[in-house]
Structures are given as structure tokens and as C-alpha cells.
Amino acid sequence: MKKAIYKKIIYQILMLMIVVFLYLPIYQMIITSLRPAELPWESPAPLFPEKITFSNFLKAFQLVPRMPRYLLNSFIYGIGVSTISLLVAIPAGYALARFKFLLRKGLMVIVIYANMFAPIMLLVPIYVIMRKFGLINTYFSVILSGSIFTIPLSTWLVTSYMQGIPKDIEEAALIDGCTTYSTIYRIVIPMISPALVAVFIYAFITGWSQQFILALGLIKNDQLMPIVQGLYQFFSRSSVRWNELMAAILISTIIPVIMFLLVQKYIVKGLTAGGLKE
Amino acid sequence: MKKFLIVLMVLFFAISLLGAEKVLRVLMPIGGGYTIEDQEAIAKEFEKDNPGVKIEMEFVGWDELWNKIITSIGAGAAPDVMYIGSRWIPALAEMGAIIPLDDYVSPEKKALYYDTVWDTVTYKGKIWGIVRAMSTKVFIYNKKLFEENNVPIPKTWDELLEAARKIYNPSKGIYGIAMAGKKFVSTVTQFQQYLYANDGRIVDENGKVTINNNNAVEALNFYVKLSKYAQPGILEWKREDLIKLFETGKVGMYIDHVHNALKAIEKGIDVGFFMIPGGPSSTKPFSTVIVTDSIAISSQCKDKELAIKFMEYMTSFEKQAEWDLKLGFVPPMIKEKDLQEFQKWYWKPYIDAIKYGYPEAVNIKDWEGVQEVVLDAIHSVLLGVSDAQTALNQAAKVIEILQK
Amino acid sequence: MTKKKTVPYVLIIPLLIAFGIFMFYPLYKVIENSFYESSFLNPFKRQFVGFENYKWLFNFKLFNPKWSYFMSAFGRSLLWVGLSVTLKIIIGLGGSLLLNSKHLSGSKIYRILIVVPWAIPWAMGAMMWAWTLNGQFGIVNSFLLKLHIIKSPISFFSTPLTAFISTILVDVWAGLPFVLIMLLSGLQNIPEVLYEAATIDGAGDFTKFTKITLPTLKPVILTVSLLSLVWTFNSFDIIWILTRGGPLNSTETLPIAIYNVSFLMTRFGGIGKASAMTIAQVLLVTIVSIFYIKILGKGAEG
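Chains as they are written, first to last, in the working numbering: chain S, 442 to 719; chain Z, -8 to 395; chain Y, -6 to 295.
What the hints contain is simulated information worked out from the structure, not anything from laboratory work.
Careful, some of the hints might be misleading.
Residues from chain S shown here face chain Z by an in silico Cβ test under 10 angstroms; the list is partial [said to hold, decoys possible]:
#1 Glu479
#2 Pro481
#3 Pro485
#4 Pro506
#5 Val569
#6 Leu576
#7 Thr579
#8 Glu612
#9 Tyr673
Just so it is clear, CB atoms sit at the ideal spot from N, CA and C, and this is done for glycine as well.
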């Protein structure tokens, strides 16, 4: 019995250490955004804010006047990237999981291998292609090129989830006279919904964060700038106004965090099956 | 009736085609005090005064400005008018990416500015940009700390070192001087302050690489010596952030813009100024690095007349004065110093410094490359990996190649 | 039923188009560029140079007389990625075991807590860490001082060693939530019956871990670490925001070096050489992954 109590305490301490590590910068962000900007910094920094103000959240909109626009842009990128990822991943995942066909094995390898590429590697050629299509300076160009880096994992997650569920129901539907396509729509999609939520969230977050190097060439107009790049302008040059910047970051992370919290059950569920196969 | 409508529509289209707007694409920076609103206001006004012209402004963060410029040039899609750091002029001129402006700059326009200002945008005897913003820098000091420690205003390097030493009291968290060392453009400028103060140059007037001569070695050694009395870990600080240290009242002095000094005054620090004293091998009593941003015209620009017109508009005396007052920059035009704001006491040292100034990148053909090399030298000496002479010899060797 | 044969091909069309246009064509372009001399500084002169750019990878020495510029970035990358991924997996495995354990009270709350940081874009996370680890005003130093672990504040990004370690830790921070969630979901899939049977056989906790947990979890660990390996190799934002590869070149990993060669050291490098570096990195990651699968994948089905 005593042993169990020790265990409990030790587990609790170890877990707390991980949580503290994960939340250090978040805590720093919160206390910095609550600290009056007029106060000079102190060294060593106080661990709790001496005075609290909410004015930084208003001032953040003065520091980054187009923040609402940037947030909207990021939202569009997030939704766009996850939509395209799903549109590609659902049929491809279904094909890879359920059919035996000529390219199957090779395609499977490519899907896994495609995770290998980073935006920085393909930046210049993608820029050239987008120019050829006349897509520079459009939401579409950023969404398309962003999806490229989320499609591989999305396809793979859908494939493995589908491999984990039995075929019987679909086959029954097919016998009942449904076409393959209506089976996908009516039967398969509802069945794999946890995986789809996981894919959606993964792609949304990736699209939302939009590795800033990617947007660099494709957007010429700050009207289309995603929030990460929008805020980076106020980090790289000039003296960083930490109070306002941290408030701005806090504001802009709230949307994805809330989305996460709402569907976090599905994320674990959706990734569960995905993790086990292949 | 129907016919009439069609005729009307055709007419309407014809008119709208005739009145098609001329478009001028302008690349502008944001961040570091440059706001989108301020710059778009200029475009709007210009459009109002010039009907039929549309200014399409593109904004990009300072940090990405260089990449943006060179990628768009490479893709054949360069903006017509570009706002650039004047240090990039030699590289862009060598690429054939921007056009010389000598034919467009009238003698009257030329006479408006200080000669040094033109030096910052001159390469191979030609003018490649019109200056839009200028800065000189001087030492900002904390009067209280200077008085408490009985430190006189330094007039030589020895006195500067002595001042930093006297104020330095790490057990109380008080540092003699605040210095920069992060891998960033402003660190090179901070080092250049001492380099120029000792009559050293990265590349001299004749295009010879002199970063490893005696003056330069002396300057780098002095930089390292001073850093002993600076805040710990200067390699993680960029100049832009030093104001945060100075504002706490725990730093004796450091080199910065006037607008940062004003921030410190706002926070209740009793601030004084003194010009950067000349070093032991210098012939001049004071020195400063002159940094400018300028407006250049792309060689891919089709309507050069319009581009010039817009450039003239932006840099007219009124607009320039308005801009400098708004952003707190040192006025590049001589007449500006008569404006009431520039009579204020804190402007005097900055305006006085202009005559001791030397441009940041004369003859440097590839600033971005040189910057990396110089930073490497500064780092290896600050970290004790090598001595100043060896590090600068190494740097000189690489810069020789970059200058080819 | 004859229609059925065409079905899979129709279904993979979107995937093929996406990969074809935006992955293989760009990749082909990169390969092509790697055989040409071209630079942003000289965009209209393009010259075929054969394998010169690849030779350059091994010949071009900048500051280090021993190793070429590419090789030093390469070595640094291996070390950086190796340490980062190992830490992610160790902490992730430990954390997910804790979360899955009956002895941890409040594990529901913890599960929610570990998901949240995943929603923060890495670039923003890096900006937050830059301030958190600041030598003068960061709370990490305040904590360490309060706990009397250090006597005077550490300037984490001011020496090569501390900067190297700090960037790794920030990268671990960024990648950990994903690893934790994946491994946790893997653990939840292990049937309880296996453990019950082992308990009856009198197996201890450790035996259960090595005999049941690890082997069953192996495929998940393998996938997660592979993904995390690839992503870490490509990590750019975090280092760029925190140190830009400095001080000296201590944190200049391959992606940073590729960026430098394309945009900053244009006169030495240029697009051709950056492309050669990119291809070299792709090959490198492929080889490392294959080795990894061969060594760790033994015995794992899949």
C-alpha cells in the first residue's frame, strides 16, 4: 500500500515536470501580456505580475493594426488547407485501403516518403509554377502549396484508419445496389469520421501556422498575410514591444486552442488507429 | 431603346478603356516604425493629385525585404519602385537591377541634402537612390549613474573604457555599457561605430579591403575590452533591444537612435548625450556611421517617368520633414534642421554628428555576404576562439572574394 | 462489376495531380538546378556545370579549415536532430506511460493540457521562448535563481553550447505534444487482457513493460519517431527566430545553411548550390530513415 502512494507521488511529480516544461513559454506569454507596458523590465524578472492590466490587448491592435485581417487570412488558410487535404485524402485513402491495383505499393511508399520535403526546399520552383498559373498573390496559391505538405500524412492517416475497420458494412451497401462513390459518401465517411476530424485539425493547424517561409514568395500583399508572418514583422526589426506582442500572440492562439479543446477527444481517437498500422 | 442602350454600353466601355489607370507597383517595408497606414496615406494623396494613376503598394517585413527583392528580380517581376536599405545599392547596381538616377536629380534637389547623404547612395560615381530616411548615432548616457560614480563625459577611448569600468557593478546588476552581438545587421553597425571612430573601414574609398589593418584590429580589440563591462551574454542581444536594458536605469551608456532615447526619458531616466569619441589612431575627434534607407527604381520598370514623379513626390521637402518628424529620424535635408522640433536639445548631438559621419557601406559589393563574414569575426573574437588579427585576416580573405 | 477496375484509379487522381504538379515537378526542377550555376545576384546567366555544385559541397571551406561548409552543417544537423528526436521520444514515451497509468490521478486534465501547446504555431512558440529564455528578463532564469540552481543568470543564446542546447529544447517543446498524443493513443490500443495474463503469471512492472508494452508499441514508436525525425531535419523557423544560426555557426543546421546559401551568401552559393544541398539533404534523410527502419524495425510487422 505504501508503495502505491510513493508511486502516486512520483508519477505526479514527473507529469508536472512535463507540464511545466510545456507551459513555461505560455506562462511567460500570459504574465507578459498582463504586465503594464509602462513598467520598466526587472532583472531577474518577477515570477508573478506585480500589477495587472488588460490594456495590452487593446494596444496589440494598435501595434498590429491589421491583426483582424491577418487572423481572418490564417483562418482561411487553415480551412482551405484542411479542405483540400480531406478532398484528396478521403478518396486516395479509400483506394489505398480497399483496392488492390497496379500502383498501390509504390504509391504507399511515395505517400510516406513525401513527408520528407520541407517548404524551404521546394520554395523557388513552387514560386515559378504559381507564377505560370498566374496565382501569385492569391489565397489559392498559399492554400495549394500549403496542402502539399499536409496531404501525405493526411492520406496515410485515412488509409490506416480505414484498414482498421471491417469491410462488411460497405460490402453490404454495395450489394444493396449503391455505387462505390455513393458508398464512400454515405457509409465510409461517417465511419471514419474520427480520423477525418484528426486530419482536419492537423491540416488546419498546419495551414493556420503557415510556415512563414512559404508565404514569403507567394504573397506580395500584406492583405493576404497570415498571422504568423504578420506578427513576425514586429519581432524581427526594431525593439520588440513584448507586452503588446505577447498579447497579440495570446489573442491569435485562442482560436486554434479552442478548436483543439472542442475536438480533442476525436484527435486521440482518430490518431489511435492511424498510429498502429504500417 | 435597346440599340441606344448598347451604344451607351459600348461608349461606357470605350471611355473606361481610355481612362485605364496607369499602375505603379511600389515595394515598401513594414516593422521598425514603418506602418502600412502612413505609407498608404502617401500613395492615396499622390493618386488624388495625379488622376488616372494607381499606386499598388506591397508591404513586406524588413527582415524579408532583401529576399523579396532578389527573388522578384530573378523571376522578372520586380516592383517598379523599391524601398531599400542603401547598403544594398552596390549589389543591386552590379546586378543591373536598378537604374542610375543622375539624369533625374536636379542640382536644386541635390543641394537640398548633405553631401554625406549622397555618398550613401553613390556607387561607381553614380547615384542609384534617393534617400528617404537617415540615422546617425551617438552615445546615450544615464546622468544619474555618471554622477554617482564621478564619471566625466568621455572624450577618448581610454576615458570611455574607464567610464564603463567605473560604473560596472555586476553584484548590483549595473553595467557600464550595453552592447550588441547577435547575428543581425545592427551588430555590424555597432562594431562599425568603433571601426569608423578609429579611421578603419571594411572596404576603403579605393575599393581595397582594409578590415584587417591596424585600425580595424584596434577597434575590434576595443570592442572586446568594452564588452567586459557590458551586460552579460552580449551575443544574444541585438542593438534594437538594448533600450530595454537602458530603460531599467541599470546601464551607464550605449549607442542608439534619438527615438529610443526619448523612450527612456519617458520612463523617467535622466538622459544625456555625447558623440562617439575618435579612437587612438583617428584623426577626427568624433565619428558616427551614417545609415540611410532610400528609394530606387527597378530596371524592369516600364514607366520610368511616373516612377520618378512618385519618388520626387515622396521626397519633397514637406513630405520628407513630415516623415522624419513622425518617425524620429535624423533629417537628411539641410534646411530641415531649422524646423522647430529639430531645435530641441536632444536633436543637437545627432545633427552635429552628421559632419563626422561616414556611410555604412561605401564600395561594399555584397553587403549580405560581408555582413555574415564580419559577424563571424566578431563572434569568434568575443567567444575567445581566435584573436582579433587572425579573425579579421580570415574575414579579409573572404571579403576579397566577395569584392571581385 | 467491370467498372470496379477503374474505380481505384479515379479515386487517386486528385492525389496524383497534387503530387505531380507540386512535388515531383518542383523536385525535378531542384535536381535540374543543381546541375546549373545560377544565383539570384545573376538571375539571367545560367550555365550547365555538371557535378560542380556537388563537388562544391565537399570543397568549399569558409571559416573552418578542416570541414567544408556543407559538411559542418551536415554534421551539426545530425547531432541536433539526433538529440532532439531522442529527447522527444524518451520524454514522450515516459509521459504517455504516465498518462496511461492508473496511478496518475487527474490524468484526464493532463491529457487536455498536453494537447493545447500543439495548437501554437512553431514560429510563435519560438518568439515566446526567445523572451522566456532571455538572459536578463526571462522567467527561466528567475526560476533557476529562485531554486538556487544557478547563482547568476545564464544568457542561453550567447555561447555556442548553450545556444545549441536551447534550440534543441525549444524544438523538443514544439514536437513533444504530437509525440505524446500518438504514443498515448498507441498505448490505449494495447488490450488489457495481455497485462492481466502477465499478472497471473507473476510478472513485475518492468517485465510487463519490456515483454508487452514495448513490443506491442514498437510500430507506433517507429512511425512517430520517423515522422518526427523528418520534421526535425526540416526545422527552420525555430532556429531562425532564436539565433539565426549563431553564435558563430553553432546552430547552423542544413535548412539554415540552405537559406544562407540561397539568399545571403549569394556570391559563394546561389540557387544551383542551394539545390545541390537540398538534394544532398533529401538523400541523407532517406538513408538515415532506411537505416532507422532496418535497425529498429526488426521484428516489427509492418
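Evaluation of the provided hints:
no., hint, in the structure
1, Glu479, "holds, 7 angstroms"
2, Pro481, "holds, 5 angstroms"
3, Pro485, "holds, 9 angstroms"
4, Pro506, "holds, 6 angstroms"
5, Val569, "holds, 7 angstroms"
6, Leu576, "violated, 13 angstroms"
7, Thr579, "violated, 14 angstroms"
8, Glu612, "violated, 52 angstroms"
9, Tyr673, "holds, 6 angstroms"
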